[in-house]
Structures are given as structure tokens and as C-alpha cells.
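Asker: Take a look at the letters that make up each chain.
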Amino acid sequence: MAAYSINVNGETRKVDVASDTPLLWVLRDALGLVGTKYGCGIAQCGACTVHLNGTAVRSCSLPISAIGTSKVTTIEGLSKEGDHPVQQAWQEVDVPQCGYCQAGQIMSAAALLAKNPKPSEEQIATAMNGNICRCGTYHRIKEAVVLASSKMK
Amino acid sequence: METISKTSRRDFLKLGLTAGGGLMLSFNWSDSVGAIINTSHEALAANVDFNSYLSISPDDVITIFSPNPELGQNIKTSFPMVVAEELDADWKKVKVVQAALDVKKYDRQLTGGSGAVPHSWERLRKAGATARQMLIEAAAKKWNVAASTLTTTNGFVVHANGNKLSYGSLAADAAALTVPADVKLKNPKDFKLIGTAVANVDNKEMVTGKPLYGLDFYREGMLHAMIQRPPAFGTKIKSVDATAAKALPGIVDVVTFKNNVAIVGKSTWEIMKARKVLKVEYENAGNVESTTDHDKLFKDLLNKPEATVRRKDGDVETAFKNAATVIKREYQCPFLSHAPMEPMNFFAHVKADGVELIGPTQTPDRARMATAQLLGMAPEKITVELTRLGGGFGRRLQADYVVEAAELSKLINAPVKVTWSREDDMMGGSYRPAVRYRFEAALDSKGTLIGYKLRGVGINAGNSTREDNFPSGAVENLLIESIDHQSPITTGAWRAPITNFLAFAEQAFLDEVALAAKKDPVQFRLELLDKAKQSPTGEIKYDIDRTKAVINLVAEKSGWGKKPNLAQGFSVYFSHRSYVAQVAEVEMVNGNPVLKKIIAASDCGIVINLSGAKQQVTGGIVDGLGHALYGQVTFKEGAAEQRNFNNYRLIRYNEVPQVEVHFVNNGIDPTGLGEPALPPTGGAVANAIFKATGKRLYNQPFTLQEEMKGVKLGQRM
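Listed in order, the protein sequences are those of chains A and B. The first sequence maps to residues 1 to 153 in my numbering. The second sequence maps to residues 1001 to 1717 in my numbering.
Mixed in with the good hints, there may be bad ones.
Mimicking DMTMM-like on lysine to aspartate or glutamate, the simulated pairs with C-alpha atoms at most 25 Å apart in a straight line are [what the hints assert, rightly or not]:
1) B:K1092 x A:E121
2) B:K1276 x A:D20
3) A:K151 x B:E1205
Please keep in mind that the hints were generated in silico from the structure rather than gathered at the bench.
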């Protein structure tokens, strides 16, 4: 066990966990930020996607020891009021079915649009292909990313 | 998240006799470690509890309880819509609350078989209409006018003179009235909410990452556990050495029960690490089967003289003897994992005086009864709180993962949440059973279908046929039979059980039969249906006109036969009381087939929520396509060879074609839509691929078949 101090959603959080603990389980078990989901544990499904300094990463395969001073953003910290353009678009398009994968989908989409506010269809596909939706909401995900893109300032 | 518990036990017909207060308790997870729960403590204490489905507060908030488990079929939105429609409520003021298991208040409180909507349609409407009528009567008394002079609109009772009173202001008086025995339901023509696109009531919580799911449940003092189950079906524990696992930090205990070794600890990761050093030896305890054994077994069973006869019409032997052409084809499908994105999990706290169960289940009462039986406890002492389900697909119809959590909680005498890893989920069943079919058709010299045979052989599949489905009833001489092999590999209902593969096989076969009969595939089906209508053979358990209506609608919308540049494949299927026809369109691009679009025409009667319904069909198609293309679990010596998404391939974003969804508008009472759109997809796609490439697909998953070697199938959304 070791003490770590990490920046999550703009706050410094102290945790005492083993150095190989994946960020996913630090967020869920230690910090109570359960919006980040466990789906596969091997970076295949994208349910655990968070931002590390703005880049979408799979938190299930990222040990706490690798975080350092990087800024972690989770779905809970994407916006204060839940009104990030991507979150708005997701509701307007009525994307979720079971909803379990959607936090990860939203984090992938938000990271894409932050870097590239007007992505092409191809660029959207590349960014979203790492996130599995078992319910098959891909068409609405596409529609919502396009809508969110139109909302980006 | 909120849920009710131990609320009024009055049943629907005795409701509303008292202006009750404090009937609803706000269920609050905020006392848990860390998990910060949305605690919208609203002033619900003053609510008037009208019945099992709704309560109305003095400030006009209408709370509608949704009894059935929500796993993405959108029932938590569509059920309350039906109540709100008949109530004439203002949807903006409706708050939906997931009800806990309550067998006295609700019946059929489960999700499965696409059956909830047909089961509850009438009673949901009555719940809303009854409350509406009582509100009208309360207003009539207040104004001293005849109830017949009053109407309702958007949460108000309105008098002809323009006066109006809000439902909230009338709720207490209304609840004191005698419940009317008969209430008038709306004419569907007057529906304002039903049939519109209404957004999912949990959208905001889902897009902001609120703790809605079973895996999100945490409570102070709760322990975590993972269970090591036998890695191979047909094996049992020989020895356990937990010394190293127990020595690791955070590990509280290692408990062996039945064929399970549970590692109990303080956090998920610490348990995952301890599993790596846990030493368990297994030995054979029955048949240890491999996929290669099943392949051989299927061939033997298909040739076995005797089988269970499911349906027999006329004289197939003579028909086949007299046939000008006989077509005989076989189709095989592999085991599939349900693989809901949220792995299995459940919280259990067994105490001396009762059991608390919290988590994602499609069948809360089954979970409760199974737990009661295991613990030898009265079912009334067991409560089941429903979380949102991160998918189900039939896996959460089983109670195994609930019962083992309860058993473990009892053994360690502590509250515990058992979490399955993805590998546990894929290796631990239950699976969609593997099945092989042989279809035979006899055509006379004019191309008329005079004989039809089907034999289904499956592994723990039960009846692998659906003997009364089309074309039964349209063929004079028909024989449908099945053989089931009992295996230690556990199987269960997988979204659209049996039909999820049978439909592909049947619709691909009929495509070949139509071709042999020199008929257009759509025309061929329509002629058979006409024949079934004019001179039916035996019992017909599908509606011929409704089947024809979806065929005609999809033919019209797809421009069937009028697109020379595209290869179109057709299929139609009736399952779970709804009818769906599909056309898949494939275009050859640089010598390779590209699946561009799937057009669907569905008849589920009245569409309740247009947004939810469209996505049910779209999602069903994506699911059907994904598994037809990629899905399989193979076994080696009893162990699943695919254990996670690296080799159990699920369809991804860039692998879906466009989907176009149409509904037949016939005003018939609604039927379910969670399953019926899935079965037709494999057949439509296979038939389109054949038309484009000349290659017939007989086995799933398509992409791994010999026929597809060197073929690069593209998809474009």
C-alpha cells in the first residue's frame, strides 16, 4: 500500500492503495466515483473511459502509479451541471438504452470534440470504435456526436 | 436513485380509501462509502397514494411507479407514459420511481419474453383512468356540478365555464372517494402522449454518471467478493490452497462452498490480485465436452431414426417421394454469451430475521424464492430492491448469481457484494444453446411447395424448433421434430430464445426454396400465406394478414426488386407476438460486398414511445447482425475458449449499416418489441450476401465460415 495524491475533477484526492491498482478501481472503490464503469478490465470495451490531461484513456488498464500530476476527469467532472454539449446532445437524441456504456461513450466523444470540434464521419468512427455498446445504440451515438459538434463553441 | 419499500399493501381495487401520508420512503444510498448518490429528497410524505402505479402530491408532482426491471427495453419510460396518458397528466410533472419487488401490488414483475407491455397495457390504462375519474368526481363535488360537465387536460380538471383545478389540489379529496368499478378508457385516436417520442426518464442520471446500476451499490461495512467457479463444465473442486491468497492485503477470508471458492475482501482490486495466487485443483465429475464433440454429435442426432415429433401434418413421405425437386440444407449456430456490459453482481445481507437483496435482476421474485429455498426462510422475510440493469439479454433471468451472494453472506455473516469479472461471466454460462437444423423441402413440377421437414438438434436447447411458425399451415405435408442433448454446459434464454437463430436458418432456406421454385422470395412467401388463408393445414398460430402487412410495407419502403445496383435480401418473422420483415441491401464495392442498409417494417400494434420503439428495432437489428457476423463461444474440454472481448467479438461502431425503421399503424393493442426485431436480421443479411456474391451462408458466425474466406464484408452507417 502506498499513499497517492491525484487530481480528479479539479480536486486533490488522497488514496492509500497498492501501486498497481488500476485508476478504475481507485475511482470506484476508493473515491466513490462510480460513473466510470467496469466492463472488461482489459481495455477492450471502453466503459471505463476517462480523460487524462484531456485525452481519452481506459482507466481499467492504467495503474495509479502512472498518474503522477496528470489531471483526471471522469463523467462526474465533465461539467458541473451535467450540461456539457455532449451530455446535452446525448439527452436530446435520447441515446441510452441500458445506459451502462454511455459514460464511457460520452467521455470518448468529449475528448474527440475538445481536440477536433468539427470531426469528419471517419474521424468520429475512429474515436468511437473503442467503445462497445451491447444494446446497439451506435446510430444515435453518431447522431449525438454530430449534434454536440454543432453545439461546440 | 429512489425506490419504494414496504409501502401500502392495499391492492389496486381497494386503493384510495384513505388520504395516506408517508407511504413512500425515499431509499437512500448516500450512507455508503464514497458512492455519492443522487438524493433528491422530495417532500413525498404528503403524497396521496392512489394505487400501485401512482401517487399525486399537493404540489402537482405525479409519481408513477414502474414495477418491471429496466434493462434497456425502456419500460421505465413507456409504462408510466400509458398511465399518464389515461390520467391526462402533464408529462413534465411526472416523476418515475422504480418499484421494489412487491408481489402483493404487482404481478408479472419481471422482464422477459417481450411480455410486459401486452400483460400490463390494460391495467396501466385503468390505473390512470381510475385516478382521472376520481379527480373529476372530487372536482364535481367541490363545484357542485355534474361530473359529466367536466373534462381534464394536462393535469387539470376543467369545467365548461373555464374554471379549473389542478390534480394536486384535488388529490386528497379524490382519494377519499369510493373507487369506481368501471372506468372509461380513451379512444386510442385521442392519445396525446402515446405514440410520441418521449426521452428516457433516466437520461440525465445516465449521462452524468449517477449510481444507477447494481455494481454501483456500496454501503458502509459492506464486503466485496469474487467467486472462483470451476473453469470447465463437468468438473468439480479437488483441492483448494488459499494460503497465499489469504496472506495478501485487504483479504478478509477465503470461503469454499459447493463448487465455489469465494475470495472476500475490502476492495475489488485486492480480490482480483488474490485470485491470481489462489490455487484450486479440479477433477472431472461428468461429461467434459468440447465443440468438436458437439459437431460430431449433431450429425449423429440429425441421422437418428427417432425424434420428438413437434408437428405433423399430412403425409411427408409420399410428398417427398412424388417431388420433382427436393432441397435439403443444414444450418448450425454456436453457443453465445449474453455478455451484458454490466457483469453479473448482487448485494446480499443475510440477517437472522431476514434478507436484503439489492441488484440487477430480470426476475426479482425468482431470485427471492430461490434464496428462500436455499436458506430455508419464509419468502416474506426477503426483500429485493431493483437497480437499473446494465443489459440482460436473458442472462439475468437466472437467479444463480443472486443465490450465491446470499449463500456467501450467510457463510461470512456479513453484507457482501459479489462481482463477476468479465471472464467469470463468459466462462460461467448460461449460454445461448448451440443448435443444428436440417431443413427439407419438396417441390412439384410447377414449383409448388408440397412437403416440408425440419429437424432441430440442440444442446440443452429444449425444443429447438417453433413448430407452429410459418410456413406451418401453408404446407399440406409437414413434419417438425427435435432432439435435445443434455450437457453440463449451462444454457438459458438468450434474447429471442431459439428464434434468434432458427429465423436465420428458416429464412435463408426459404430463399433457396423460392429460387428453386423460380419465384421471387417475397412473392413466394405471399403466395404461401394466401394459401394458408384460403386452405389452412392444421392450426395457424400467427396472423396471416399482419404477416402480409409487414411484408408489403417493407417491400414498398425498400423498393424491393427495383434497385438494380443493389443486392437485396428479404426475411420476415413472427416472434413474441410481434411481426417484423426486413430487407438488407448489399452493394459490391471493388469486388467486395458492403452491407449498406437494413430496412425494417414492424407490427407491434400501437407504438407507445416512438423514440424507444425505433431504438428497440434498431438495437435488435444491430444485435442480430453482430452475433450473426461475429459471435461464438467454443469449448475445449468443458471450458469456454472465449473469455473476454479480445476474442469474443461484439459488433462495434464502424461495423453497423444504416437502419431504417417503419411501423404498421393498425391501432391493435400493443405487443412487445424487446426481441422481435432481432430474429429476421441474420436471414435478410445472408440472403443479400448471396445475391451479391453467389455465396450461401449456412453457419454462424458468418465471418468465420469457409464461404467468407477472402471476402471482405464492409458495413457503412
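Asker: A separate judgement is required for each hint: does it hold in the structure or not?
Answerer: Here is what the structure says about each hint:
1. B:K1092 x A:E121: Distance of about 35 Å is beyond 25 Å: violated.
2. B:K1276 x A:D20: Within the cut-off at roughly 14 Å; holds.
3. A:K151 x B:E1205: 21 Å, holds
Violation of the numbered hints given earlier is confined to hint 1; every other hint is satisfied by the structure.
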